[in-house]
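Q: Here is how the chains run, residue by residue.
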Amino acid sequence: MFRSYPPQIVLEAVLNGLLTGAVYALVALGLTLVYGVLHIINFAHGAMLTLAMFAVLVVHLGLGLDPYLAILPLTPLFFGIGYAMQRFVISPASRNDDGAILLVTLGLSIVLENLLLAIFRSDTRSLTLDYSFSVVDLGFALLSLPRVIGFGVAILVAAALWAILALTDTGKAIRAVAREKLGASLVGIDVNHIYAVTFGLGAATLAVAACLLMPSFYVNPRVGNAFVLVAFTVVVLGGMGSIPGALVGGLFIGVVESLCGLYLGESLGQIGIFLIFILVLLFRPTGLFGAKA
Amino acid sequence: MADPILSVSGLRAGYGATEILRGLSMSVAPGEIVAVLGSNGVGKTTLNMVLSGVVKAASGSISFLGEDVTNAAPGDIVSRGLVHVPEGRKIFPNMTVRDNLVLGSYRRGKAARAANLDKVFQTFPRLKERVSQLAGTLSGGEQQMLAIGRGLMAEPKLLILDEPSLGLSPLLVEEMFTLVRRINADGLAVMLVEQNVVQSLEIASRAFILENGVFALEGKASDLAASDELRKAYLGM
Chain A
1 MFRSYPPQIV LEAVLNGLLT GAVYALVALG LTLVYGVLHI INFAHGAMLT
51 LAMFAVLVVH LGLGLDPYLA ILPLTPLFFG IGYAMQRFVI SPASRNDDGA
101 ILLVTLGLSI VLENLLLAIF RSDTRSLTLD YSFSVVDLGF ALLSLPRVIG
151 FGVAILVAAA LWAILALTDT GKAIRAVARE KLGASLVGID VNHIYAVTFG
201 LGAATLAVAA CLLMPSFYVN PRVGNAFVLV AFTVVVLGGM GSIPGALVGG
251 LFIGVVESLC GLYLGESLGQ IGIFLIFILV LLFRPTGLFG AKA
Chain B
294 MADPILSVSG LRAGYGATEI LRGLSMSVAP GEIVAVLGSN GVGKTTLNMV
344 LSGVVKAASG SISFLGEDVT NAAPGDIVSR GLVHVPEGRK IFPNMTVRDN
394 LVLGSYRRGK AARAANLDKV FQTFPRLKER VSQLAGTLSG GEQQMLAIGR
444 GLMAEPKLLI LDEPSLGLSP LLVEEMFTLV RRINADGLAV MLVEQNVVQS
494 LEIASRAFIL ENGVFALEGK ASDLAASDEL RKAYLGM
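From first to last, the protein sequence lines are chains A and B.
When you line the first sequence up against the working numbering, it's residues 1 to 293, in that order.
When you line the second sequence up against the working numbering, it's residues 294 to 530, in that order.
Bear in mind the hints are in silico, worked out from the structure with no lab data behind them.
Check the hints yourself; a few may be wrong.
Unchecked claim - EDC-like cross-link-like pairs, simulated, lysine to aspartate or glutamate; straight-line CA separation at most 20 Å: (1) LYS349/B <-> GLU266/A; (2) LYS403/B <-> ASP190/A; (3) LYS403/B <-> ASP369/B; (4) LYS450/B <-> ASP516/B; (5) LYS349/B <-> GLU380/B; (6) LYS412/B <-> GLU422/B; (7) LYS403/B <-> ASP361/B; (8) LYS349/B <-> GLU312/B; (9) LYS513/B <-> ASP296/B; (10) LYS450/B <-> GLU312/B; (11) LYS181/A <-> ASP169/A; (12) LYS181/A <-> ASP369/B; (13) LYS513/B <-> GLU325/B; (14) LYS181/A <-> GLU380/B; (15) LYS349/B <-> GLU12/A; (16) LYS403/B <-> ASP169/A; (17) LYS450/B <-> ASP361/B; (18) LYS181/A <-> ASP66/A.
Being a predicted model, the structure only gives us computed values, none of them experimental.
Kindly generate the complete structure, drawing on both the sequences and the hints.
A: Put into structure tokens, the structure is as follows:
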């Protein structure tokens, strides 16, 4: 069953895995951030990614905007959508009860998904770009250009997110609210505003992820779920709420998927991901970078 | 007495159907230390939570610097200079000492942040030594200093200290009361909410004794310290 491959093929698989993994990490960042601050899983994360991917499709087909340039308008737009969703839908509908937030985000995902289904039908679409199949020749390996760009931008976004959290007042307020809500209120931090900013940041990272995915991937109204399932594994592996954990976990999961694909066949690539998911839950439920509960 | 900076009248509040504060009236004048004393569970912390806008008042009114702040948002109350250092410190354990202090000026005092940071380090040299350490790794006494330092970063006009001596060793308790007196010596009004009756009465100018949601006794701290009723109830003499 296991064939042996020349080292160059294995190396290429590892590199490709890292490239895919960076985008998994990007999708996982928003999920882990929202979990870290609000302590809930945002079930609307996948639907938001799908929405963002359709947005890339629409601005490309409608306005002729290149997916990479679409990062500039779509990131702030999705920050706004995420902010508004938390402030004006999720928070009022759930009265900040954790169980209710979970159900509201689940409901939102159903609404979004079916709205997209009604508008775009269930067809799978992709973009035709002249660089979709371009490759980068490293001498020892050939890599897909869109995925190399995706890797670079995803790492940049992770670094930017880290800088926002570490250096700005708003970022510090987010970290404060994550651990000590009452203390945060008493220094004058508006907790509901910070919750909404956190959702906004999560949605903004999804907009970037969508722009990076579309040149080499397809979109249909359910495509986001596949990514979020993987992202959830990344979050559990990295440690719920940990930003470095999401980055390292994403890269690791990408490599595992790629190597499993190589050795077990492309269609079984995801077996490794869920095997890891189960192993982490069994032996290290706090994840790689997770704090002890 | 000068116009009070804080005045509370007929304040009632509670959680759900349970009424905790049953009609409180009090005031704090500029520059004075007012002690609010009482044992566990009489409503001291609830009073602080209502004053800082975290718990809503059911009825009654609160005015600060002559303006009505009843049920204002916590951020708005901090902006006006009414700063509450809560019981149990509620510092941010996952952040450095510096970031904790910086967040003290999130709402107010941002312009003078660097200067105020220096001032806090002068008051608490210990915090300066630990500036890059995570707040959660500090000792109890240091965490209390950090909580007070964080409060001072907002350039308060009235500082509410909720049980600053709780959980400290007797030596540190002594230090804490000296510190409160020192903060007050610069003209800052302090509302000191404590279980530690004797030491609080020593440094306060006036005091209110809270029992089951009402003020059972109030008056000059020196009079209360000499009152038989108080000595019987709290000092067992």
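Q: Each hint should be assessed against the structure and marked as holding or not.
A: Taking the hints in turn, this is what the structure says about them:
Under the criterion of a C-alpha separation no larger than 20 Å, the hint pairing LYS349/B with GLU266/A is inconsistent with the structure, at around 59 Å. Our distance criterion of 20 Å between C-alpha atoms is met by LYS403/B and ASP190/A, whose separation comes to about 16 Å. Proximity of LYS403/B to ASP369/B is assessed by CA-CA distance (about 15 Å); at most 20 Å being required, the pair is judged to hold. Note on LYS450/B and ASP516/B: the hinted pairing is violated, with a Cα-Cα distance of about 27 Å set against a maximum of 20 Å.
Only pairs whose Cα atoms come within 20 Å are accepted, and LYS349/B paired with GLU380/B is accepted, the gap being roughly 18 Å. Taken as a hint, the LYS412/B and GLU422/B pair is honoured in the structure, with Cα atoms around 14 Å apart against an allowance of 20 Å. Restraint check: the Cα-Cα separation between LYS403/B and ASP361/B comes to about 24 Å, which exceeds 20 Å; the hinted pair is violated. Distance hint between LYS349/B and GLU312/B is fulfilled; the C-alpha atoms sit about 12 Å from each other, no more than 20 Å.
Distance check on the hinted pair: LYS513/B and ASP296/B sit about 17 Å apart at the alpha-carbon level, within 20 Å; holds. For the suggested pair LYS450/B and GLU312/B, the alpha carbons sit about 29 Å apart, so the restraint of at most 20 Å is broken. Distance hint between LYS181/A and ASP169/A is fulfilled; the C-alpha atoms sit about 16 Å from each other, no more than 20 Å. Annotation: proposed proximity of LYS181/A to ASP369/B holds, straight-line Cα distance about 17 Å (limit 20 Å).
Distance check on the hinted pair: LYS513/B and GLU325/B sit about 12 Å apart at the alpha-carbon level, within 20 Å; holds. Under the criterion of a C-alpha separation no larger than 20 Å, the hint pairing LYS181/A with GLU380/B is consistent with the structure, at around 14 Å. For the suggested pair LYS349/B and GLU12/A, the alpha carbons sit about 62 Å apart, so the restraint of at most 20 Å is broken. A threshold of 20 Å between alpha carbons decides the hint, and for LYS403/B with ASP169/A the separation of about 10 Å falls inside it, so the pair holds.
Note on LYS450/B and ASP361/B: the hinted pairing holds, with a Cα-Cα distance of about 16 Å set against a maximum of 20 Å. Between LYS181/A and ASP66/A, the direct Cα distance comes to roughly 42 Å. Violation of the 20 Å bound is thereby established for this hinted pair.
Going through the hint list in order, the structure does not satisfy hints 1, 4, 7, 10, 15 and 18.
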